[in-house]
Amino acid sequence: MDAHVTDTPEPPRFAGWAERPTGAPGPDRPGPPRVPPRRRHRWRWAALGTTGVLLAGAAAGWAVYTKLNGNIRTDSATERELRKWESERPPAGPPNAENVLLIGSDSRTGDNGRYGRAGGQRSDTTMLLHLAADRKSATAVSIPRDLMVEVPHCKRADGTETGPRTAQFNSAFALGGAACTIRTVEKLTRIRIAHYMILDFVGFTRMVDAVGGVEVCPDRPIQDTEAHLSLPAGRQTLHGEAALGYVRARKSLGNGSDTQRMQRQQQFLGALVKKVQSNGVLLNPTRLYPVLDAATSSLTTDAALASLKGLYELVRSTRGIPTDRVQFLTVPRREYRFDRNRDELVQPDAARLFGQLRRDLRVTVAPAPGTARGPVRGGGGAPSDRPQGSPSRAPGPGPVFPGTTAERGSCE
319 MDAHVTDTPE
329 PPRFAGWAER
339 PTGAPGPDRP
349 GPPRVPPRRR
359 HRWRWAALGT
369 TGVLLAGAAA
379 GWAVYTKLNG
389 NIRTDSATER
399 ELRKWESERP
409 PAGPPNAENV
419 LLIGSDSRTG
429 DNGRYGRAGG
439 QRSDTTMLLH
449 LAADRKSATA
459 VSIPRDLMVE
469 VPHCKRADGT
479 ETGPRTAQFN
489 SAFALGGAAC
499 TIRTVEKLTR
509 IRIAHYMILD
519 FVGFTRMVDA
529 VGGVEVCPDR
539 PIQDTEAHLS
549 LPAGRQTLHG
559 EAALGYVRAR
569 KSLGNGSDTQ
579 RMQRQQQFLG
589 ALVKKVQSNG
599 VLLNPTRLYP
609 VLDAATSSLT
619 TDAALASLKG
629 LYELVRSTRG
639 IPTDRVQFLT
649 VPRREYRFDR
659 NRDELVQPDA
669 ARLFGQLRRD
679 LRVTVAPAPG
689 TARGPVRGGG
699 GAPSDRPQGS
709 PSRAPGPGPV
719 FPGTTAERGS
729 CE
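When the letters of the sequence shown are read in order and numbered with my numbering, they come out as residues 319 to 730.
In short, the hints are calculated from the structure, not lab data.
Bear in mind that the values here come from a model prediction, so they are computed numbers and not experimental data.
Among these hints, one or two may not hold up.
[What the hints assert, rightly or not] Straight-line C-alpha distance at most 25 angstroms; calculated DMTMM-like pairs for lysine to aspartate or glutamate:
no.	residue 1	residue 2
1	505	404
2	473	404
3	454	653
4	593	537
5	593	406
6	505	611
7	505	464
8	505	657
9	473	406
10	593	642
11	473	452
12	505	468
13	505	479
14	627	653
15	505	653
16	454	642
17	505	537
18	505	393
19	473	559
20	402	452
21	593	559
22	505	576
23	505	642
24	505	397
25	593	631
26	473	504
Put together the whole structure using the sequences plus the hints.
And the structure:
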């Protein structure tokens, strides 16, 4: 007898059952709440608005970068001239230690014409800035413009060449521009110059204005018609034009020597560095922009620094240096034996200073004994026969040279 087979009834099917994947919303599993069309439109506009703001910000940032980057001038002729004399240049120093030559030009071209006429461009101020490899100190060494030095073969702007000569230091810039000045400094110090910056009068005044002025404390009123300077005695803040007159004045301050003018420049730059650090300029884009705009608008550099990125990297590497380790001093020098209106190096003191910097060894500065107006005096109060800028014995490692720091500023 055949077995009776009973068909198992199929479960009821709902519309769309086969099309719905497991776990999908259904009658027994409600889906996410439906977004009203009006709210979807609002979200779309918000997303579009945010995207627009970001794009506008990026465009503005790019415009700022392009402007600042375009401000900087590259001196390609200097690069070519230095490559030509590469075999005569000193070798590079310790890794990461950098030597930058800062040149203040008294050129009267362009906007600088309002400062009168000059017989060609000259280096009004020159400093060799040494940045330690560990970036825990920075040492700026002033080179007197009247220092007698050996100027090597140099190429003039018209293509002719000059022979080697013994001459005033600032004549190197007049003869062959930055390349001639760099090679003269390298010959003098045996220190390899990695970068250089040339800043003119207009650039200096804009820099001072960008940080809101710099405080100075002259001990008596100053009247200097040549520097267009009229200041009362006492603590005060100088802005662009007055600041330029203050650092350039020579005959109306002190004994009228370039020595005291260099000391005043060092104190002023120290006060400028201190203000930039204390006001948080380097960490605040709103405050940093006018400083960068002022600096780059009148700046000529080597190719490696001729971009905002190159300058920023250099500044960023130094912003952690404490102000008491940002040091200023002048090369050890004395009256030139053949002309009391000129200077010459004091040896072996100058060689010792250059050797410390060349090997990236410690150099310390301390206030010079005595007063700025009188002779340098020793501990017993008698006039010292030690030449200006000569080191004293250091209590710790490294020699101590007369100088100042950014911590002291110009009113300490």
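Now for the hints, and whether the structure bears them out:
1. 505 x 404: With a Cα-Cα distance of about 12 angstroms, the restraint between residue 505 and residue 404 holds, given a limit of 25 angstroms.
2. 473 x 404: With Cα atoms ~15 angstroms apart, residue 473 and residue 404 stay inside 25 angstroms; holds.
3. 454 x 653: violated (34 angstroms)
4. 593 x 537: holds (21 angstroms)
5. 593 x 406: Violated, at roughly 40 angstroms.
6. 505 x 611: The hint is violated at about 34 angstroms.
7. 505 x 464: holds (17 angstroms)
8. 505 x 657: holds (22 angstroms)
9. 473 x 406: holds (15 angstroms)
10. 593 x 642: holds (13 angstroms)
11. 473 x 452: Outside the cut-off at roughly 37 angstroms; violated.
12. 505 x 468: holds (8 angstroms)
13. 505 x 479: holds (18 angstroms)
14. 627 x 653: At roughly 43 angstroms apart (the allowed maximum being 25 angstroms), residue 653 and residue 627 break the hint.
15. 505 x 653: holds (21 angstroms)
16. 454 x 642: holds (10 angstroms)
17. 505 x 537: At roughly 39 angstroms apart (the allowed maximum being 25 angstroms), residue 537 and residue 505 break the hint.
18. 505 x 393: holds (21 angstroms)
19. 473 x 559: Outside the cut-off at roughly 34 angstroms; violated.
20. 402 x 452: Judged against 25 angstroms, a Cα distance of about 32 angstroms means the pair is violated.
21. 593 x 559: The hint holds at about 18 angstroms.
22. 505 x 576: It holds: about 23 angstroms lies between the C-alpha atoms, which stays within 25 angstroms.
23. 505 x 642: violated (30 angstroms)
24. 505 x 397: holds (17 angstroms)
25. 593 x 631: Holds, at roughly 20 angstroms.
26. 473 x 504: With Cα atoms ~16 angstroms apart, residue 473 and residue 504 stay inside 25 angstroms; holds.
Consistency note: the structure conflicts with the earlier hints numbered 3, 5, 6, 11, 14, 17, 19, 20 and 23.
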